[in-house]
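*Asks:* So the chains spell out like this:
Protein chains: 2
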Amino acid sequence: MEFSEYFPVWDNMTPQQQQAVSASLVSRSAEKGTVLHNGGTDCTGLLLVKSGQLRAFILSREGREVTLYRLFDRDMCLLSASCILRSIQFDVTISAEKDTQLWIIPSDIYKQIMEQSASVANYTNEIMASRFSEVMWLMEQIMWNSMDKRVAAFLLEEASIEGTDRLPITHESIANHLGTHREVVTRMLRYLQNEGMVRLARGTVSLTDRAKLEKLRSESNY
Amino acid sequence: MEFSEYFPVWDNMTPQQQQAVSASLVSRSAEKGTVLHNGGTDCTGLLLVKSGQLRAFILSREGREVTLYRLFDRDMCLLSASCILRSIQFDVTISAEKDTQLWIIPSDIYKQIMEQSASVANYTNEIMASRFSEVMWLMEQIMWNSMDKRVAAFLLEEASIEGTDRLPITHESIANHLGTHREVVTRMLRYLQNEGMVRLARGTVSLTDRAKLEKLRSESNY
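Those protein sequence lines, which keep their order, are chains A and B. Under this note's numbering, the first residue of the first sequence is numbered 185, with each subsequent residue one higher. Under this note's numbering, the first residue of the second sequence is numbered 185, with each subsequent residue one higher.
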């Protein structure tokens with residue numbers, strides 16, 4: 185598959201713009217765990233996922249993490265090129281959550297084209313709106329949902345992404361996704377196990393009653 | 185003051201585009217407390233503040249509110265026209281926090297121009313990036329409260345060194361002390377002002393509630 189098939193506004197660019205992108209594009213493989221972009225110091229470029237899975241998260245001073253969103257096949261990461269938009273005033277870290285194949289479009293090339301092309305600018309706008317929406321969803325989760333619902337939602341999402349009810353995941357890792365402490369997650373998982381919704385074993389969490397988890401996730405807090 | 189003086193990319197639009205905006209523009213006054221935009225059901229249009237103060241907030245199903253950001257003179261509100269970007273998947277409410285004079289640009293007119301003009305599209309992008317940054321700031325506050333404590337600590341230390349609660353200091357200078365961006369400090373100081381802890385004037389920051397600042401500084405993150 186060619187880059188042009190992954191980049192939806194390719195045909196709206198001029199031959200010169202297409203040439204500039206093709207000539208500067210970097211194709212890269214990243215092993216699971218690789219940090220591809222590290223906060224505000226880098227201006228890595230735009231990342232376009234061929235295959236695999238990336239994770240965008242924020243870090244506290246104390247090293248706590250919160251997952252903002254995931255990027256899958258054909259998704260483009262804009263915040264790894266935040267230098268192209270001076271109004272972006274926050275830092276995210278991007279890492280490969282699975283072995284990932286991707287393209288990197290250099291920030292300066294993309295910025296030039298975005299300034300010339302309404303089509304590319306509007307496409308960029310849609311991508312930012314989409315990430316903004318994911319963060320707002322997370323904000324609403326954090327603001328109005330208790331931790332049991334957030335853990336249930338996380339487990340259901342993971343099971344959906346992985347296509348299995350037996351998740352090879354540690355309590356520490358779940359805590360990092362949700363921005364909380366391992367102890368909180370352990371307590372919550374034990375509660376869910378007592379309620380028959382999950383079964384815990386070393387290094388795995390198995391979903392044993394999806395319907396009940398889904399009910400918990402969707403219940404009102406009040 | 186004319187609309188053209190409030191809209192930074194006015195001169196980059198074609199005469200036809202300028203004409204389309206001028207002909208469709210609505211000038212409006214909103215008394216303090218007026219709800220100008222109500223979640224996902226409306227596509228009110230873009231709001232450009234002449235004078236006054238707007239507040240953007242989200243509402244839980246149970247009616248709890250969280251303020252996302254404020255809009256002051258010359259600020260433009262994009263999320264009141266979220267129908268122009270299909271990727272915006274969340275609802276905000278916009279109300280007048282003070283008596284406010286504003287213009288409303290109809291969504292369909294703006295969308296048309298944005299699709300034609302790279303300049304308008306990129307301006308829209310910057311506005312969205314800016315609101316996205318405010319929401320991320322709020323998220324970090326909510327998750328791990330950090331920069332507010334650092335700014336509070338800095339102001340208290342300066343006041344102690346200078347022997348006065350009226351500090352002749354720029355936001356830029358505070359940013360340089362803390363190793364962050366001026367915009368981050370400006371946003372933080374506005375937050376502290378909203379909370380009644382400081383008063384901002386050109387070139388000065390006055391501490392108006394030391395006890396509250398000291399309490400903020402010493403609060404644990406957890």
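I should point out that these hints are in silico values taken from the structure, not numbers from a laboratory. Be careful, since some hints might not be right.
Note that identical chains are pooled: a pair holds if it fits in a single copy or bridges any two copies.
As the list claims (entries may be wrong) - EDC-like mimics (lysine to aspartate or glutamate), calculated; alpha carbons at most 20 Å apart, straight line: (1) K295 x E310; (2) K295 x E342; (3) K399 x D275; (4) K333 x D275; (5) K234 x D349; (6) K216 x E356; (7) K282 x E215; (8) K234 x E281; (9) K282 x E403.
*Asks:* Run through the hints listed earlier and report the numbers of any the structure violates, in increasing order.
*Replies:* 2, 3, 5, 9
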